[in-house]
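Protein chains: 2
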Amino acid sequence: MSITPQPYQHIQTIGILGGGQLGMMLAESAMQLGYTCIFLEDSPNCPASRYGKVYSTQQLADFAKHADVFTLEFENTPVKTCEWLASLSQNVDSGSFNNHSFNSDDGKKFGMFPPPQALEVAQDRLKEKTLFNQLGIATVPFRAVDNLNELKTACDELGLPLVLKTSRGGYDGKGQFVIQDRADIETAWRELGGAVTGDGNLTSTPAPLIAEGFIDFSREVSLIATRGQDGQIRCFDLVENDHHQGILATTRAPAVGASHLQALAESAITTLMTHLDYVGTLTLELFVSKDGDGKDTLLANEIAPRVHNSGHFSIEGAVTSQFENHIRAVVGLPLGDTDNVHPSIMVNVLGEYPDLAEVLSIDGVHYHTYHKEERENRKIAHLTLMPNDVANLEATLHNVVAVLPNKMGLDA
Amino acid sequence: MSITPQPYQHIQTIGILGGGQLGMMLAESAMQLGYTCIFLEDSPNCPASRYGKVYSTQQLADFAKHADVFTLEFENTPVKTCEWLASLSQNVDSGSFNNHSFNSDDGKKFGMFPPPQALEVAQDRLKEKTLFNQLGIATVPFRAVDNLNELKTACDELGLPLVLKTSRGGYDGKGQFVIQDRADIETAWRELGGAVTGDGNLTSTPAPLIAEGFIDFSREVSLIATRGQDGQIRCFDLVENDHHQGILATTRAPAVGASHLQALAESAITTLMTHLDYVGTLTLELFVSKDGDGKDTLLANEIAPRVHNSGHFSIEGAVTSQFENHIRAVVGLPLGDTDNVHPSIMVNVLGEYPDLAEVLSIDGVHYHTYHKEERENRKIAHLTLMPNDVANLEATLHNVVAVLPNKMGLDA
Chain B
-6 MSITPQPYQH IQTIGILGGG QLGMMLAESA MQLGYTCIFL EDSPNCPASR
44 YGKVYSTQQL ADFAKHADVF TLEFENTPVK TCEWLASLSQ NVDSGSFNNH
94 SFNSDDGKKF GMFPPPQALE VAQDRLKEKT LFNQLGIATV PFRAVDNLNE
144 LKTACDELGL PLVLKTSRGG YDGKGQFVIQ DRADIETAWR ELGGAVTGDG
194 NLTSTPAPLI AEGFIDFSRE VSLIATRGQD GQIRCFDLVE NDHHQGILAT
244 TRAPAVGASH LQALAESAIT TLMTHLDYVG TLTLELFVSK DGDGKDTLLA
294 NEIAPRVHNS GHFSIEGAVT SQFENHIRAV VGLPLGDTDN VHPSIMVNVL
344 GEYPDLAEVL SIDGVHYHTY HKEERENRKI AHLTLMPNDV ANLEATLHNV
394 VAVLPNKMGL DA
Chain R
-6 MSITPQPYQH IQTIGILGGG QLGMMLAESA MQLGYTCIFL EDSPNCPASR
44 YGKVYSTQQL ADFAKHADVF TLEFENTPVK TCEWLASLSQ NVDSGSFNNH
94 SFNSDDGKKF GMFPPPQALE VAQDRLKEKT LFNQLGIATV PFRAVDNLNE
144 LKTACDELGL PLVLKTSRGG YDGKGQFVIQ DRADIETAWR ELGGAVTGDG
194 NLTSTPAPLI AEGFIDFSRE VSLIATRGQD GQIRCFDLVE NDHHQGILAT
244 TRAPAVGASH LQALAESAIT TLMTHLDYVG TLTLELFVSK DGDGKDTLLA
294 NEIAPRVHNS GHFSIEGAVT SQFENHIRAV VGLPLGDTDN VHPSIMVNVL
344 GEYPDLAEVL SIDGVHYHTY HKEERENRKI AHLTLMPNDV ANLEATLHNV
394 VAVLPNKMGL DA
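In order, the protein sequence lines correspond to chains B and R. Residue numbers for the first sequence follow the working numbering, so the first one is -6 and each next one is one higher. Residue numbers for the second sequence follow the working numbering, so the first one is -6 and each next one is one higher.
Next up, chain B with everything else stripped away, as it sits in the complex:
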């Protein structure tokens, strides 16, 4: 049909950095469209291993050789690896249609999506929040903290309580310390910042830290959007996330009573994606708070440069899933409709599997296992609840929680 060959016609194999459940669900979508996936992952029995060949990180060159385009499901992938994969497609000029990736020669590489600069921002809380503010996207107040004195100053300026975080690493609530009281300051610094000398400076090289002011927020929402290689952006509705012990427990899609905030969230993610020349699915986590006039507003917390646990609902709950839209973007296809099909609730299964017959005897429950060993609080499966009659949605959640071994505080 097309006179110029399009990337989606040249691409057969998508190389995915990481082989967890996100990679597995990306592969499910990619395979329906006709693509093969391979994974760079050091656990040979990872969830994605049932859907394509797994290469260890020692086999990076071999992995790179066997894929036509690259993407990631694990955001702590070294930026240098992504830069190298992106560079494989930059040395031929013909057919280039954006600034980080296209090569129309047969058998060559078609880019790394998202672009490495997005990863670099997402891996560093300080860079991330600084960029949000530079782009006019509101955040909680924050300060960079390089030594104990800066931490004390941050406590003075932001007030207590505040949260001290490592700017890099940390996951599911790890790498954080809540300072309630000035007496906690040195403990917090010792735990996250390194050993402290008499003058308050460092004796070892700590992770750079960020101090974030506490804000009143009513709930946490996230916006998931995908940007195509042609710059087209499609956003899902805002969804609402509830956590248990710092780990996502449920996502309600859409977030009820949040439509007045949709345009603000879409404006923020559009600005970010355009600035980063982003291609693929991006997640923006936000707090619903009040502005100076007491009106609802959003504060950006962080981005995930990938598909996200709060978007799993979209497999059944949206016309096109976050996984399929990510794959479409990576191979250069047009994006699909992100409307909700029906309201749904995604429930994570943490640590221990439920009895499958008990779960599946409840109508409207979709079960997705990750084929993982049980381990305390580990994400090993998720359920999407989408009964046809939305009036049954909360009752369905109630019935599901009753048969989950780890009830994540939802049975109170």
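Worth double-checking, as some hints may not be accurate.
Since the list can't tell identical chains apart, any single copy or any two copies may satisfy a pair.
Taking lysine-lysine and the DSS-like style, the derived pairs with C-alpha atoms no more than 30 Å apart in a straight line are [to be verified]: (1) 120 / 58; (2) 46 / 372; (3) 365 / 58; (4) 73 / 46; (5) 73 / 283; (6) 365 / 101; (7) 58 / 288; (8) 73 / 145; (9) 288 / 73; (10) 145 / 101; (11) 120 / 101; (12) 145 / 167; (13) 288 / 365; (14) 365 / 145; (15) 372 / 283; (16) 101 / 73; (17) 400 / 120; (18) 58 / 46; (19) 167 / 288; (20) 46 / 365; (21) 73 / 58; (22) 46 / 288.
It is worth saying that the hints were derived from the structure and are not from the lab.
Mind docking chain R on chain B? Use the hints.
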């Protein structure tokens, strides 16, 4: 949770006879629930090969050894093979909970579903229609035809035109001859029945034939239902099928204006499934015709003892798909809700792939490739159209047909 171990807890690997697109889509569902699939199939690059190991029919014993339960996606599997696989689980008595399959010993076999007797009926049009009538299920009038004289008698009794068919084999309109006129009788007999001697009897052994009277019917519908190991039956809504050159072109789910026939169809399939002690998904093809009083009624045409092309819509279009319900039945899990999520149209892609970007630029289109080589009129992919606003459904079909290389007569 359960005191007695349930089959779904013992089963890890499902052995599927056949490795085509039906096997592939069964595996997609099975893997989400945590099962592994293996396939018995002589084409090593079959559609299912991306989802599990493929054994050739020469490797039947090895295939049997590596699966815990068996099912099929190819109805022309030899009945003897199915009987042998079923027999593997019949020699231990303990834990038996129905008459064709259960064995609670670890590492043993958990049955063959559907049972071989269902396959035997489905493979023979004469046995099939005879059983329908025995069970009080209306069919077109038919006669067994073993020789030319019987064919002439059938023409007298049923009137012309009539359709002469082989009772075994035949697919997508092959193995059929429409006798319009008495002058066609000998040609039809020569084509399907074998060589004819002077006295009208056979000189070679023909396939047994069946002559079917022509009836006026307004449309073809199908009912897809699944029966669990506990006897529970869940039926999808009737769907409407349109063919092009004898091959399914589109399925509309639900069939519009057919709800007054739903109970009649469900009664027929319930009777059939119960009689056959069926476990799994069964498809019943029916014609919508008029009874003696001029009221709408259904005539049963044939069954497929498996998931069916007219049920592909259910992946997106129903709460639980025909594939997932089949897997649930095979492993002994409760069945899922079969309600429609939204009205949808399934469109087959025959012979030649469309430009993927053109197809996916249309909102509400779900693409499922079968990873097959292009070949005239071959089923190589299907599309499910389910725009969120049902008012756009026919327009979506129009837009899809515009970009399909093989328009299957839908652009007229």
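Going down the list of hints, with the structure as the test:
no.	hint	verdict
1	120 / 58	neither (33 Å within a copy, 56 Å between copies)
2	46 / 372	both (23 Å within a copy, 28 Å between copies)
3	365 / 58	both (29 Å within a copy, 25 Å between copies)
4	73 / 46	within (23 Å within a copy, 36 Å between copies)
5	73 / 283	neither (40 Å within a copy, 72 Å between copies)
6	365 / 101	between (35 Å within a copy, 24 Å between copies)
7	58 / 288	neither (53 Å within a copy, 66 Å between copies)
8	73 / 145	neither (35 Å within a copy, 81 Å between copies)
9	288 / 73	neither (43 Å within a copy, 73 Å between copies)
10	145 / 101	neither (54 Å within a copy, 67 Å between copies)
11	120 / 101	neither (33 Å within a copy, 57 Å between copies)
12	145 / 167	within (22 Å within a copy, 84 Å between copies)
13	288 / 365	neither (44 Å within a copy, 56 Å between copies)
14	365 / 145	neither (43 Å within a copy, 66 Å between copies)
15	372 / 283	neither (33 Å within a copy, 56 Å between copies)
16	101 / 73	within (20 Å within a copy, 50 Å between copies)
17	400 / 120	neither (36 Å within a copy, 53 Å between copies)
18	58 / 46	both (13 Å within a copy, 25 Å between copies)
19	167 / 288	neither (32 Å within a copy, 70 Å between copies)
20	46 / 365	both (17 Å within a copy, 21 Å between copies)
21	73 / 58	within (17 Å within a copy, 47 Å between copies)
22	46 / 288	neither (51 Å within a copy, 58 Å between copies)
Checked against the numbered hints above, the structure violates hints 1, 5, 7, 8, 9, 10, 11, 13, 14, 15, 17, 19, 22; every other hint is satisfied.
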